[in-house]
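Visitor: These protein sequences, in sequence, are chains A and B.
Under the numbering used here, the letters of the first sequence match residues 1 to 93, in that order.
Under the numbering used here, the letters of the second sequence match residues 94 to 323, in that order.
What the hints contain is simulated information worked out from the structure, not anything from laboratory work.
Honestly, I wouldn't trust all of these hints.
What the hints assert, rightly or not - Simulated coverage check for chain B against chain A, where a stretch passes if three residues somewhere in it have a Cβ under 8 angstroms from a Cβ of chain A:
| no. | segment |
| --- | --- |
| 1 | 150–161 |
| 2 | 186–196 |
| 3 | 199–205 |
Stated by the list, open to error - Computed cross-link-like contacts, DSS-like style, restricted to lysine-lysine with a CA-CA straight-line distance of at most 30 angstroms:
| no. | chain 1 | residue 1 | chain 2 | residue 2 |
| --- | --- | --- | --- | --- |
| 4 | A | 2 | A | 21 |
| 5 | B | 235 | A | 2 |
| 6 | B | 235 | A | 21 |
| 7 | A | 2 | A | 42 |
All of these numbers come straight from a predicted model, not from anything done at the bench.
Beta carbons: idealized from backbone N, C-alpha and C, even for Gly.
Chain by chain, the residues run as shown.
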Amino acid sequence: MKFDVLVDVSLQRGLLDPQGKAIEDALPTMGWTNVSNVRVGKSFQFVVEAETEADALRVAEDMGHRLLANPVIEDFRVVAVHPAARVTIEDAP
Amino acid sequence: MRPRIGVVTFPGSLDDRDALRAVTCMGGDGVPVWHADTALPDVDAVILPGGFSYGDHLRTGAIARFAPIMDAVREFTAAGRPVVGICNGFQILCEAGLLPGALIRNRSLRFVCRVVSVRVESASSVLTAGLDPGEVLQAPIKHGEGQFVASADELSGIEDEGLVTLRYCAPDGTIDDAHNPNGATNAIAGLRNERGNVVGLMPHPEHAVDPDVGPTGGQPLFASLLERAG
């Protein structure tokens, strides 16, 4: 069975995020004076073929630990694991 | 006998040829090594050169650490043999867990390309063995992701054990924020492992051996490596 998986990776809280800072500094010039703590991360979407949702989650967590995030600087979170939609981009005409 | 220094070419490596040339200029034999090979040729030391291996995808050095040649490089380091990572090579060594910490986007968000001064902090590495702590060298840097960071625990370990080999500094050796080109923690420009056989650095010694084209801060570093390797 196929599962759609979404994993988020972000810089650890204690680290200065230069990209987030640059975006934050630009916000007031566009009128958003009430926004702070901007952090920029990465989002990974993929499909896992596994017996159960728990198995798919284990694969995603293993990938997060060993590849998608660098534990020295980043945290990851498996945001979603759910049965893959029947129609995928590859199926589109 | 001239020491044989292997230089690994990954897809996206840029400074492999300069590294080979610098080895030759300094009296060694440069041996090209291909990333897809599973064994190292008969070499006395290995250089992981600068560049943008695998397009820096995911994170700098994150994909290169899985290259087939890296298992052999890992064994080579475990045997206490010298391995030097320059710029992208430093990033690869950190991603591979062969050096502590990580290198993230420069604090300025800008790619920095200029000659900098670095101060030798430790002579207990294959790259700095012939130098005196306090000595100042000039060499170019050219990177967008050279800001060294580490967790608080790792950082105190690094400093307590004297693993910092080079720090960014003013030409007179003073360490201050104005001469830290990327915001590196504690102005760290180069690092070694506990044994001193694995060294990573952001400045490019391979671009700094020929007085006709710039500073020569790379000469003593290569001289040290060649002597240790031979």
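Visitor: Run every hint past the structure and note whether it holds.
Guide: Hints, one by one, checked against the model:
no.: 1; hint: 150–161; result: holds (count 3)
no.: 2; hint: 186–196; result: holds (count 5)
no.: 3; hint: 199–205; result: holds (count 4)
no.: 4; hint: A:2 - A:21; result: violated (38 angstroms)
no.: 5; hint: B:235 - A:2; result: violated (44 angstroms)
no.: 6; hint: B:235 - A:21; result: holds (23 angstroms)
no.: 7; hint: A:2 - A:42; result: holds (23 angstroms)
In summary, the numbered hints that this structure violates are 4 and 5.
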